[in-house]
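Trainee: Protein chains in written order, with the numbering used here: chain H, 1 to 488; chain R, 1001 to 1492; chain V, 2001 to 2117.
These are calculated hints, taken from the structure and not from any lab test. If a hint is listed, it holds; no wrong ones were tucked in.
FRET-style restraints, in silico, Cβ to Cβ:
id: 1; chain 1: V; residue 1: Ala2086; chain 2: R; residue 2: Glu1105; range: 21 to 27 Å
id: 2; chain 1: R; residue 1: Glu1450; chain 2: H; residue 2: Gln301; range: 45 to 51 Å
id: 3; chain 1: R; residue 1: Leu1416; chain 2: H; residue 2: Gln301; range: 35 to 41 Å
id: 4; chain 1: R; residue 1: Glu1450; chain 2: H; residue 2: Arg23; range: 18 to 24 Å
Yeah, the Cβ is synthetic: ideal placement off N, Cα and C, and Gly gets one too.
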Amino acid sequence: MIGNESLLQLALLLPLVAVAGIRLLGRHENLREAVSLLAGTALFATVCSLYDPVFRGELVEIRWLELMPGLSLAFRAEPLGLLFSLIASFLWSVTTLYAIGYMRGHGEGNQTRFYSLFAVSIGAVMGIAFAENLFTLFVFYEVLTLSTYPLVTHAGTDKARAGGRVYLGILLGTSIGFFLLAIVATWLLAGTLSFTPGGVFDADTPRSLLSVLLALYVFGVGKAAVMPFHRWLPAAMVAPTPVSALLHAVAVVKAGVFVLLKVCLLIFGLDTLGSIPATEWLLYLAGISVLLASVVALRQQNLKARLAYSTVSQLGYITMGALLATSAGFSGSALHIVMHAFGKITLFFCAGAILVAAHKTEIHQLRGIGRQMPVTMVAFFIASLSIIGIPPTGGTWSKWYLMLGTLEAGQWLLMALLMGSSLLSIAYLLPIPLRAFFSGNGQDSGGPPVAIREAPWPSLLAIGVTTLGCMLLLFYPNAFYQLIKVAL
Amino acid sequence: MLAHLPVLQVILPLVAAPSCLIIRKSGLVWLFTFLVSLAALTVSALLLQQVIDSGVISYHLGGWDAPWGIEYRIDILNAWVLLIVSALGTVVLAAAHTSIRRELEEGQQILFYTLYLLCFSGLLGIVATGDVFNVFVFLEISSLSTYALIALGRDRRALWAAFQYLVMGTVGATFLLIGIGFLYMVTGTLNMQDLAARLPAIGTSTTVLAAFAFILVGICLKLALFPLHLWLPNAYAYAPSVVTAFIAATATKVAVYLLIRFTVSIFGVDFSLSVLPLQHLLIGLGLLGVLTASVVAVYQMNIKRMFAYSSVAQVGYMIVGIGLGTAAGLQATLLHLFNHALMKGALFLALAGVVYRVGSANISAFRGLGRRMPWTMGAIVIGGISLIGMPLTAGFISKWYLISAAVDSSHWLVALLLVAGSLLAVAYVWRLVEAAYFHSPETPDKPADEAPLSLLIPTWLLALANLYFGVDTRLPLAVTEMASRTLFGGAL
Amino acid sequence: MLVAALYNYWIVIALMMIGLFVVILGGNLVKKIIGLNIFQTSVFIFYISVGKVDGGSAPILTEGVELYSNPLPHVLILTAIVVGIATTALALALAIRIKQAYGTIEERDIQTRDSQC
Chain H
1 MIGNESLLQL ALLLPLVAVA GIRLLGRHEN LREAVSLLAG TALFATVCSL
51 YDPVFRGELV EIRWLELMPG LSLAFRAEPL GLLFSLIASF LWSVTTLYAI
101 GYMRGHGEGN QTRFYSLFAV SIGAVMGIAF AENLFTLFVF YEVLTLSTYP
151 LVTHAGTDKA RAGGRVYLGI LLGTSIGFFL LAIVATWLLA GTLSFTPGGV
201 FDADTPRSLL SVLLALYVFG VGKAAVMPFH RWLPAAMVAP TPVSALLHAV
251 AVVKAGVFVL LKVCLLIFGL DTLGSIPATE WLLYLAGISV LLASVVALRQ
301 QNLKARLAYS TVSQLGYITM GALLATSAGF SGSALHIVMH AFGKITLFFC
351 AGAILVAAHK TEIHQLRGIG RQMPVTMVAF FIASLSIIGI PPTGGTWSKW
401 YLMLGTLEAG QWLLMALLMG SSLLSIAYLL PIPLRAFFSG NGQDSGGPPV
451 AIREAPWPSL LAIGVTTLGC MLLLFYPNAF YQLIKVAL
Chain R
1001 MLAHLPVLQV ILPLVAAPSC LIIRKSGLVW LFTFLVSLAA LTVSALLLQQ
1051 VIDSGVISYH LGGWDAPWGI EYRIDILNAW VLLIVSALGT VVLAAAHTSI
1101 RRELEEGQQI LFYTLYLLCF SGLLGIVATG DVFNVFVFLE ISSLSTYALI
1151 ALGRDRRALW AAFQYLVMGT VGATFLLIGI GFLYMVTGTL NMQDLAARLP
1201 AIGTSTTVLA AFAFILVGIC LKLALFPLHL WLPNAYAYAP SVVTAFIAAT
1251 ATKVAVYLLI RFTVSIFGVD FSLSVLPLQH LLIGLGLLGV LTASVVAVYQ
1301 MNIKRMFAYS SVAQVGYMIV GIGLGTAAGL QATLLHLFNH ALMKGALFLA
1351 LAGVVYRVGS ANISAFRGLG RRMPWTMGAI VIGGISLIGM PLTAGFISKW
1401 YLISAAVDSS HWLVALLLVA GSLLAVAYVW RLVEAAYFHS PETPDKPADE
1451 APLSLLIPTW LLALANLYFG VDTRLPLAVT EMASRTLFGG AL
Chain V
2001 MLVAALYNYW IVIALMMIGL FVVILGGNLV KKIIGLNIFQ TSVFIFYISV
2051 GKVDGGSAPI LTEGVELYSN PLPHVLILTA IVVGIATTAL ALALAIRIKQ
2101 AYGTIEERDI QTRDSQC
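In isolation and in its complexed conformation, chain H is listed as follows (with noise of 0.2 Å):
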């Protein structure tokens, strides 16, 4: 049997390994997905060793290097990170099928650069999930930010390149701006950057102090898309689909979301949190967050802008939940990181699957669609389902824990918000499937119908393997939801 040690230095390195395999056969196609899916799987495989030993609680750290005294790279496998490492590493393999299947038919250039990147992104959010301490963590977000780069401009043109601009300004600027000051001071207050259990900070560490540190790491991690710095999310929707699915439902915005759920648990630690001014304010503006980016979404005619305003609005629920600083409401954050990352990577793949079988890319244009593309249409619908929370899908189990979350904390107020944007999430989601299957062909589309199939079949086993996640999330979420009381 490997160490368990080593099964961690492996699930760091096997993205590298991969890099290095898509890099040397870049010329031979076939071989170079079989390489990507490979090494997914054999991440997936990995990981999914570390549950044992993290869920029986012991302790598996590695330290690469010491940069400064106290300062150092280091990586150690907790339950929250391992939830989060799960998810990604499977989804990483499943998406390259999906991708396969994407960029084939949509006929992209330069693959080899894509899956390579695509490798180093996935590395990056490894090093993220096990990071030991705050810098560690920042070292690799910040990996992940460049190496996402030029996934987002892919396409290369002027537009592209726009898009990028603005997602490379907001996410390097907050992280620099915000989230940076916000490590060196806790450094300064603190003494350590190790993630603790219980928080790192005296209690009688001022309150004020810490009310501007928790600020400056909710805006400081950009990733999360708290409003007002949301703008880098609808602008990366320049990427191809694939980009947009995992990276942008899953990768880059998880991360986010699952980087203030960590500051939240073992820096600031939940009892801390609860006794911060500032965690009221905060509150209130991620539920601003869900509500207007709700009702931003109900506008979006674009299918990928309004998914991507849907997106916003579902970290906020994250960030919320963690905020709440109550047991019930951490779960829901945590929960809600895996089911909305199956629920809209499955959306993101239909958007994908719709643009490269029918070309499409407004919502009005897809009337009637559904009767040339069922199986993606059901898909999605299953999906929407999920990220609006109703059974038989995961969703609820999230919605549910983060009612009860505030339920307990006894904020009506926030209950009623979450409730409210449940409600708009209908509005904007259902009726894209149901115009599909239920209303005739639209007038728009004037000439003779052109014949439209299904997408590829990697593809669609993709979109399958997803949607069948969504619901099987709603019998079995245990797995997750244990080890999350693990983590608390």
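Place chains R and V on chain H using the hints.
Mentor: Just chains R and V now, kept in the frame of chain H:
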């Protein structure tokens, strides 16, 4: 032999400089100067080792004792700066031969090496000496040779830049001379240690204040501290590429050293930072320099000029560190001194490679260069992210210490503005990266056309040093901590 | 009384101001160089004045003389004069090169010619 190291450090290049004129063959001259600077590097490494092991070295020139003769006094601070200057000077010189052959005429090449060594010895002399008048002399030696080096640039604007620099530099040096005269009037000594011992007794007479003001302005002119930086961008932009690399990596560092030497050890922290409102002045001007120069850098079309403005900004960081008036702030400055030398050395050498192949340093020349010159652009990217202060590069370490020092002395606004400066650095570095990697070249499908190895190796040496000292920080941290602690302990 | 006694310092200040004025406002490069020279010379005089001791004789060992002027500033200023000459020479050389390259040594013309290209 070992006992004479302090003077050898300066004399070696000084004597070697005219010898270049005898050799007459440019290849041989290059080899000769390279060996000399390598020897100087060895000497400075030995000196640093010796200082770490056994404390301050005092060397009396010609055997005359301190108040009468000139004393060379090497403590941890100047041993550190000596090492930076000689190391960077040597690495840049290694690259010089190839670049110079392309950019200068045959007849000028030997002159270039002569001037280079003169400037080198002048800079080392400023740092090594323990006598304030000697500082002036070496300052003029290095400055005069720098003016001539800049004037070697091919563009005719180099001449005008050199002339402007000459006027500003001479005024600055003369200010320094006046200040030294005042100091001599009140203390009757030129030895730094004696000055430091006698000045507190005199207190704050008008003469001392006048001396301080003249010296400060004089040094700040050399330092290119905002708003006295006007000479710098043109000088950097139009000088031959290796000259830019050399002066960017060394000359401003030496000026920062002088500022520290005068404010902290000669006048003393109490006088400089407490009696006078210098703290606010330095922090204010430093920040203003960081922000304005960075903003101006974003709009430059000539990349050499862009990095020149960035140098003005980086000097601002160092000044802020001094202005904080704490040992931590000073340590941050000393770290940044070293790290900035590494990054600007790497960047300007890489630019020398670009100029060698492409013949221009305009932003348009960089389009698609990521494919054409992958290694050179790679070095620029490393230097750039180090300049921004990304983790795992040297730049991160000094930014970290600087921000910590600012937050620690509860200068929150300063910390925030320093961070804002980093963001501006992102903006101007990114412009370059975008042009090189995400724009298609003007003449597509040109094969890879890398700079010659003799340029690439020194460039990458510095680029890798940026990475190495971002990870293994033991040496710079230990030395700078020792230096800042002794300086604030009051011992010279 | 005091003003008259310190006349040499007044001269220093006057020369210094004249020199700086010419350096800053002189449009002609040669005039600038001359201004720089005057500026430096004022500092030389300043040093020499500092070294003078009231009633002191020239610092040459002689029988029966007890009080000497301080020789050190004089020595220092010898060095500074050499530096000054070198600076002037270099500046003049640059002026010649500028004349060859631009065809003028008027600051304004040089700047207009630079902005044209």
